[in-house]
Amino acid sequence: MTRLSGDAIRRLQGVVELPDLSGTRYEPIEFVARGGMGVVFRVRDRDLDRDVALKVLSTVQMNEDARARMLTEARVLARLEHPGIVPVHDVGALPDGRVFYTMKFVRGSRLDEYAAARRDLNDLLRVFLRICEAVAFAHAERVVHRDLKPGNIMVGAFGEVLVMDWGVAKILGAGGEAALAPPVRPVDPPDGTPETTATGSILGTPGYMAPEQARGEPALVDARSDVFALGVLLRLLAESAAGAERGVPRRLRAIHARAGAAEPAGRYASVGALADEVIRYLTGRSVNAYREPWFERTARLAGRHRTAIALVLMYLLMRILVFLADRL
Amino acid sequence: MNKPVLGLVVGGVLGVFDGLSALVSAPETQPQIVGIVIGSTFKGIIAGLLIGWFASRVRSMAKGVVFGLIVGLVLAFLVAMMPGENGEHYWMQIMLPGSVVGLIVGYATQRYGAAASARSRA
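Quick mapping for you: the protein sequence lines, in order, are chains R and F.
For the record, in the first sequence the residue sitting at position 308 is 308 according to the working numbering, with numbers rising by one throughout.
Start counting at 1 in the second sequence, then tack on 1000, and there's your number in the working numbering.
Calculated directly from the structure, the hints in this document are not laboratory data.
Treat the hints with care, since some could be wrong.
Example chain F residues on the side facing chain R (calculated, C-beta under 8 Å, incomplete) [claimed, not checked]:
| no. | residue |
| --- | --- |
| 1 | N1002 |
| 2 | A1026 |
| 3 | Q1030 |
| 4 | V1034 |
| 5 | W1091 |
| 6 | V1100 |
| 7 | I1104 |
| 8 | A1108 |
With a straight-line Cα cutoff of 20 Å, these simulated SDA-like cross-link-like pairs (lysine to any residue) come out [what the hints assert, rightly or not]:
| no. | chain 1 | residue 1 | chain 2 | residue 2 |
| --- | --- | --- | --- | --- |
| 9 | F | K1063 | R | V32 |
| 10 | R | K104 | R | A219 |
| 11 | R | K104 | R | P87 |
| 12 | R | K104 | R | R46 |
| 13 | R | K104 | R | L220 |
| 14 | F | K1063 | R | A308 |
| 15 | F | K1063 | R | A33 |
| 16 | F | K1063 | R | L311 |
| 17 | R | K104 | R | G84 |
| 18 | R | K104 | R | D222 |
| 19 | R | K104 | R | R75 |
| 20 | F | K1063 | F | Y1112 |
Sample of chain F residues lacking proximity to chain R, with all beta carbon distances greater than 12 Å (derived) [to be verified]:
| no. | residue |
| --- | --- |
| 21 | G1012 |
| 22 | Q1032 |
| 23 | I1038 |
| 24 | R1057 |
| 25 | E1085 |
| 26 | G1087 |
| 27 | I1094 |
| 28 | L1096 |
| 29 | P1097 |
| 30 | L1103 |
No residue lacks a Cβ here, since even glycine has one placed at the ideal position from N, Cα and C.
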């Protein structure tokens, strides 16, 4: 008897759950993915003659709480109008009562696939900065993603970045907070894969969740929880580019170590502060996370000003040649 | 520091060193060294100002370096045209360092220094 792989089983589940879209302007094409709060399908928008992604609650999640969360997710996404955040097009209900919303169908590679294909560290760091821009924008709108991971970040053919799946996001209110989903409780992922966003009582992804999130302390979850996940992503990108033999540069290692500190107070206070550090690294300046010894500082400055140093050396050489020419 | 001021400073400093180097390259000029250093510094300042002004308007490393080279060369040529006490000319000793100084100032003003901010017209 042939055993089906986990991926094949998930796809079969997707086909079984293919929604009844009668009465809507959409027709189903294929199952795409299962997210934290629902299932995503590729559908055809007949009116506008284009493919879009349709996210709908899975059949096992049909309750009022889930409906309300789905609507809130769509509204939060609609509020986050940013080039780096997947845009929502429409929201509605299926004949069976399930709430759905449609969004841009994103073509591109997952962040980890993109990183594996491109080994240039600076290129990957520029992509990372675009992720930071999108997340910082969401934070400015008082929305914390809470599930940043390679599978939720798509990179297009031209390096454009889209942060997706805001299903477990948390809205920080002025007088309190609201979450799109119930509090996090530390539970092992159901199928043992390290990148599964759990549903129901399990939210977030082990390995990317900040410790306070994994401990189930929602009151402590804030923008710094996303900083933690970004630190993990930064490490992944840096290690992917550096390769096992060369290792990640110390200054960059210090940046992702600070971003991924166990205690929120030990991390960068904001995504902007983290992005600034990465920019400082990219432009050859010193970073706050790492106190470099004098010889490393000298080498960095020499590397940063190598053309100026070369010009001065050229001048001195020219002077010596003129001097020698006069003596001959 | 804006680019013209940066050019002035770098050109002036290199001009001082350029003038003092005459003590090594042409020791017989020692009696006139003060005049040489003043002239060389003045030349460096003029070149630096011109190159810095150019850098604040044209953002191109290649064009900036070539412009610096030409300005340094032209100014050095004007200086080298003036004969010494015995009527001799120091073409290579003046024009070669002068052009290299212009090249360095061209690079420095393109790479460093703040561009002039846009001003609104009243």
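Quick rundown of the hints versus the structure:
1. N1002: 18 Å, violated
2. A1026: 7 Å, holds
3. Q1030: Check failed: Cβ of Q1030 of chain F comes no nearer than 15 Å to chain R, outside 8 Å.
4. V1034: It is violated, given that the least Cβ distance between V1034 of chain F and chain R is near 20 Å, above 8 Å.
5. W1091: 11 Å, violated
6. V1100: 5 Å, holds
7. I1104: I1104 of chain F check passes; min Cβ-Cβ to chain R is 5 Å, inside 8 Å.
8. A1108: For A1108 of chain F, the interface hint holds, since the closest Cβ of chain R sits about 7 Å away, which is under 8 Å.
9. F:K1063 with R:V32: Cα-Cα ~52 Å, so violated.
10. R:K104 with R:A219: Violated: K104 of chain R and A219 of chain R sit about 32 Å apart, past 20 Å.
11. R:K104 with R:P87: Status holds; Cα separation ~6 Å.
12. R:K104 with R:R46: 15 Å, holds
13. R:K104 with R:L220: Outside the cut-off at roughly 32 Å; violated.
14. F:K1063 with R:A308: 17 Å, holds
15. F:K1063 with R:A33: Since the Cα atoms of K1063 of chain F and A33 of chain R sit roughly 53 Å apart, the hinted pair is violated (cutoff 20 Å).
16. F:K1063 with R:L311: Distance ~16 Å between K1063 of chain F and L311 of chain R Cα, so the pair holds.
17. R:K104 with R:G84: 12 Å, holds
18. R:K104 with R:D222: Violated, because 27 Å separates the two Cα atoms, which is more than 20 Å.
19. R:K104 with R:R75: 15 Å, holds
20. F:K1063 with F:Y1112: Roughly 15 Å between the alpha carbons, so the hint for K1063 of chain F and Y1112 of chain F holds.
21. G1012: G1012 of chain F is indeed farther than 12 Å from all Cβ atoms of chain R, at 15 Å.
22. Q1032: The claim holds: Q1032 of chain F sits with its nearest Cβ about 17 Å from chain R, beyond 12 Å.
23. I1038: 20 Å, holds
24. R1057: It holds; R1057 of chain F is separated from chain R by about 22 Å at its closest Cβ, greater than 12 Å.
25. E1085: Label holds. Min Cβ-Cβ 17 Å, cutoff 12 Å.
26. G1087: 18 Å, holds
27. I1094: 10 Å, violated
28. L1096: Per Cβ check, L1096 of chain F is inside 12 Å of chain R; nearest 6 Å; violated.
29. P1097: 7 Å, violated
30. L1103: 7 Å, violated
The structure is inconsistent with the numbered hints 1, 3, 4, 5, 9, 10, 13, 15, 18, 27, 28, 29 and 30, although it conforms to all the rest.
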